[in-house]
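The listed protein sequences correspond, in order, to chains L and A. The opening position of the first sequence corresponds to residue 1362 in our numbering, with each subsequent residue numbered one higher. The opening position of the second sequence corresponds to residue 340 in our numbering, with each subsequent residue numbered one higher.
One or more of the hints may lead you astray.
[As the list claims (entries may be wrong)] Here chain A is said to cover these stretches of chain L; the calculated rule only asks that three of the stretch's residues, wherever they fall, bring their Cβ under 8 angstroms from a Cβ of chain A:
no.	stretch
1	1388 to 1401
2	1404 to 1416
[What the hints assert, rightly or not] Some chain L residues judged to face chain A by a derived CB distance under 10 angstroms, without partners named:
no.	residue
3	A1377
4	Q1379
5	F1380
6	Q1385
7	Y1419
8	I1495
9	G1497
10	F1500
11	G1507
12	R1533
13	Q1536
14	F1539
15	S1540
16	F1541
17	L1548
18	H1552
[Claimed, not checked] Sample of chain A residues with no beta-carbon within 12 angstroms of chain L, all distances over it, derived:
no.	residue
19	I365
20	R366
21	L456
22	L498
23	F518
24	S551
25	H575
26	V652
27	A653
28	Y686
29	K687
30	F715
31	W767
32	L808
33	Y829
34	E838
Please keep in mind that the hints were generated in silico from the structure rather than gathered at the bench. Ideal Cβ positions, reconstructed from N, Cα and C, are used throughout, including at glycine.
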Amino acid sequence: MSHSQTTTTEHHPALAHQFDSMEQQREASNFGMWCFLLTEIMMFGGLFTAYLIYRLKYYEAFVAGSWSIQVSWGFANTLVLIASSLTMAMAVWSAQRGIRRFQILFIALTMLLGSAFLGVKAKEYYDKYEECHIPGASFNAEGGLGCETGNIAQEVANREKIPLEAARQIARQTQIFFSFYFAMTGLHALHMILGMGLMTWLLLKANRGDFSPEYYSPVEYGGLYWHFVDIVWIYLFPLLYLISRHR
Amino acid sequence: MSTVTIPTQPQLEMPKKHYLNDNYGIRSWLLTKDHKRIAVLYLITITFFFLIGGVFAALIRLHLLVPEGALFQADVYNKLFSLHGVNMVFFFLVPSIPATLGNFLVPLMVGAKDLALPKINLASWYIFIIGACFSVATMVLGGVDTGWTFYTPLSSGYLKTHVVTMAVGIIIAGFASIFTGLNFIVTVHRMRAPGLTWGRLPLFIWSNYATSLIMVLATPVLAITLILLAVERGFHIGIFDPKLGGDPVLFQHMFWFYSHPAVYIMILPGMGVISEIVTCFSRKRVFGYSFVAFSSIAIAVFGFLVWAHHMFVAGISTYSALVFSLMSFAVAIPSAVKVFNWTATMYKGSVSFHTPMLYAIGFIGLFTIGGLTGLFLAALGLDIHVHDTYFVIAHFHYVMVGGMVMAYLGGLHFWWPKLTGRMYPEGWAKLAALITFIGFNLTFFPQFILGYLGMPRRYAAYPPEFQVLNVLSTAGASILAVGFILPLIYLLWSMRYGEVAGPNPWQAKGLEWETSSPPPTHNFEHTPVVTEDPYHYGEEQDGEVPVVP
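Sequences are here, hints too, so could you generate the full structure?
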């Protein structure tokens, strides 16, 4: 079926044993990251589908739920993440040109913005805790017992001009909105935390001067991952904070 | 049929240096990035789970020897069939051929030194082991009794068993199969030897590629489904439990969105093995290469569009059921293409009946029965009658055991000389193949009848009129057990005492046979260059096509 030939390649120190050329190695690792992102899309896709089904089922509760989260914080986080995507792209650019100083700067900036995002998210979670909006046994969206700030029932009654009793029913159903809020933003935050780990690794490698115009694929696929997590947020923000907020 | 055989060299020697003796010590195995060693690690791991799952199966069959149940309380019985299902599906069948034979053969068959991402490959095994630890922990702590399907709200609200531990184990093991699939896809795209075009790829590669697509696209959905289940169980928030405002049918949709494609994860690699074996032992090119290749892709694609045929009695709309039924029938087309092409390959070939071929012929017959009874279940009307009966059990065991396990054993025998450098004892192996075939049919054919007569699955007791068929089934299971234990013994024996095989004992085509057996750590001395189509069998010698020696 075949005959054999010897391969001749000049050996770059970063060339792994299974590859014939740096070109092949770069293509393989990037393609691997794209495939991995495909699995991520399917995983978030399952969650998004479930969210949409319950959004149709409990429309009023989902609208009331989105009233109780702060658009300003969500908007700030959106800006922070878009900015971090820019610095990430700059990090890839400086890796491609082998400018070590810029690689370190831009990866560090990306991490800074990532931490800012996680900080804001933690603050939002803490607010939800204060308002008794954590799903589970202690969930309470109807006011009273130190949970006055999280009285969704009253707000629904005021805004929709419906009797308080009907509003309480809707407020109770917001628990399912908050389940999805925490599941979706939580899974996203977990990806951010993993991304921070990835950035730390890249920072160490950049500091060592590993990246050159011949070898920069870790920064490139790290960037792919970072942009993906960013894009997930671009969908999460309108789904959770914005749509049907004003009717 | 011909009688000429190719003369073999009288003295074959093991190569001095190969992947098994490249270096020694536990570290060289546990930190290996060699795809062949990782395949061996996986082989040991899944054999362990096959034995555990087998013990549960044996206990189930023993219990059903008498109508009122011979051995266990009903709740213990529930745990037995659940653990049998979970271990066999997630810890044996899903990784079986891809993680062992696939890991071993994919780089060899594409002429590469290793998989594209060796660290990810090793990580896959470690992740699998962590998932497996959760499964073992579940069994030690007292098991789980949801069935392998984890239907809500039973699993999320009512049962007191270790549902979350088991679910976490399955989620983790799922990432192992995502990593395997991802590695195969990247390897097939980026690591093919010069001259190895897509049209020259072995069919084993095509079927594992199709499997990888399913692994990468479907497994993450199972992960998110089980995460939601665990969240509902842990925090009592309503996602699937109707009492809490959730929708139990949504769980079934999301579960089967993975688990139906997953049954193709459990059969496609087996089909690849059969394609390789049938063509080698018929000494003929595969009939309709591109049809067999693309039928794998077609099965993978159609497989994503049929999941709700598991839910015809779950109250889904009649119109969607109609579409899902039609799509399920459509899957029969690529499956039948394969069966017809295998038989056409054998037609007028120089067929010889070595052990791998016996398993392959067994596969073709049993898979055909398993596949056709699947059409009964895809028919909207008949499914109401046989839904959740032993008819279903018999159907998927014909595909999973009669299909996949037979293919796995056939492939293991076929490539055993390549894995170890030594031959298995042919006489014993033929006997084992025959025992497996007889035991299998005796175990599962009565279950078709039982199911059609109305015996439901998952019950610890049954009416006395079903006893004869149940006794037959249990008797068959004990024969089947012998058929499975025999290879375990003589394969281990052959690693030390088997005849030295030489690089190509079957005179087979394909790059994996062009290197020594066992292969060196870097697979090939020189990067191979492919100049011919695959399965270039059938060169005549003195007017006769030589059979396998």
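Hints, one by one, checked against the model:
1. Coverage of the stretch 1388 to 1401 of chain L by chain A holds. Counting CB-CB distances below 8 angstroms, 10 residues qualify, and the rule asks for three or more.
2. Under the rule that three or more residues need a Cβ within less than 8 angstroms of chain A, the assignment of the stretch 1404 to 1416 of chain L holds, with 9 such residues.
3. Against a cut-off of 10 angstroms between C-beta atoms, the interface hint on A1377(L) holds, since the closest Cβ of chain A lies about 8 angstroms away.
4. Taken as an interface hint, Q1379(L) checks out: its beta carbon lies about 4 angstroms from the nearest beta carbon of chain A, inside 10 angstroms.
5. Given hint, F1380(L) at the interface with chain A, holds; its Cβ is 8 angstroms from that chain's nearest Cβ, closer than 10 angstroms.
6. For Q1385(L), the suggested interface contact is upheld, since its CB lies about 6 angstroms from the closest CB of chain A, less than 10 angstroms.
7. Hint on Y1419(L) holds. Least Cβ distance to chain A is approximately 7 angstroms, under the 10 angstroms limit.
8. Taking 10 angstroms as the C-beta contact cut-off toward chain A, the hint placing I1495(L) at the interface holds, the least distance being around 9 angstroms.
9. About 4 angstroms separates the beta-carbon of G1497(L) from the nearest beta-carbon of chain A, less than 10 angstroms, and the hint is met.
10. The closest approach between the C-beta of F1500(L) and any C-beta of chain A is roughly 8 angstroms, which is under the 10 angstroms cut-off, so the hint is satisfied.
11. With a least beta-carbon distance of about 21 angstroms to chain A, the hint placing G1507(L) at the interface is violated under the 10 angstroms criterion.
12. The interface hint given for R1533(L) is met, as the beta carbon of that residue sits about 9 angstroms from the closest beta carbon of chain A, less than 10 angstroms.
13. At about 6 angstroms, the closest approach between the beta carbon of Q1536(L) and any beta carbon in chain A falls short of 10 angstroms, and the interface hint on this residue holds.
14. Checking F1539(L) against chain A by beta carbon gives a least distance of about 8 angstroms; that is within 10 angstroms, so the hint holds.
15. Given hint, S1540(L) at the interface with chain A, holds; its Cβ is 4 angstroms from that chain's nearest Cβ, closer than 10 angstroms.
16. For F1541(L), the interface hint holds, the least distance from its beta-carbon to any beta-carbon of chain A being 8 angstroms, beneath 10 angstroms.
17. The interface hint given for L1548(L) is met, as the beta carbon of that residue sits about 8 angstroms from the closest beta carbon of chain A, less than 10 angstroms.
18. Interface hint status for H1552(L): violated, as the beta-carbon distance to the closest one in chain A is roughly 13 angstroms, over 10 angstroms.
19. The non-interface label for I365(A) is consistent with chain L: the shortest C-beta to C-beta separation is roughly 22 angstroms, beyond 12 angstroms.
20. Remark: the non-interface label on R366(A) is consistent with the geometry, its nearest Cβ contact in chain L lying 18 angstroms away (cut-off 12 angstroms).
21. For L456(A), the non-interface assignment is contradicted: its Cβ lies about 6 angstroms from the closest Cβ of chain L, within the 12 angstroms cut-off.
22. The beta carbon of L498(A) sits about 20 angstroms from the closest Cβ of chain L, which is more than 12 angstroms, so the claim that it is off the interface holds.
23. With a least CB separation of 9 angstroms from chain L, F518(A) falls inside the 12 angstroms interface cut-off, contrary to its annotation.
24. Consistency note on S551(A): stated as away from chain L, yet its beta-carbon is not over 12 angstroms from all of that chain's, at 9 angstroms minimum.
25. The claim that H575(A) is not at the interface with chain L is violated, since a C-beta of that chain comes within 12 angstroms of its own (minimum 6 angstroms).
26. No beta-carbon of chain L comes within 12 angstroms of the beta-carbon of V652(A); the shortest separation is about 21 angstroms.
27. Against the 12 angstroms criterion, A653(A) stays outside the reach of chain L, whose nearest CB is about 15 angstroms from its own CB.
28. No beta-carbon of chain L comes within 12 angstroms of the beta-carbon of Y686(A); the shortest separation is about 24 angstroms.
29. In this structure K687(A) is separated from chain L by more than 12 angstroms, as the shortest Cβ-Cβ distance comes to about 23 angstroms.
30. For F715(A), the requirement that its beta carbon stay farther than 12 angstroms from each beta carbon of chain L is met, with the minimum near 30 angstroms.
31. With a least CB separation of 32 angstroms from chain L, W767(A) remains clear of the 12 angstroms interface cut-off, as annotated.
32. The claim that L808(A) is not at the interface with chain L holds, since no C-beta of that chain comes within 12 angstroms of its own (minimum 41 angstroms).
33. Annotated as non-interface, Y829(A) keeps its C-beta farther than 12 angstroms from every C-beta of chain L; the closest such distance is 31 angstroms.
34. Every Cβ of chain L is farther than 12 angstroms from the Cβ of E838(A); the closest lies at roughly 25 angstroms, confirming the non-interface assignment.
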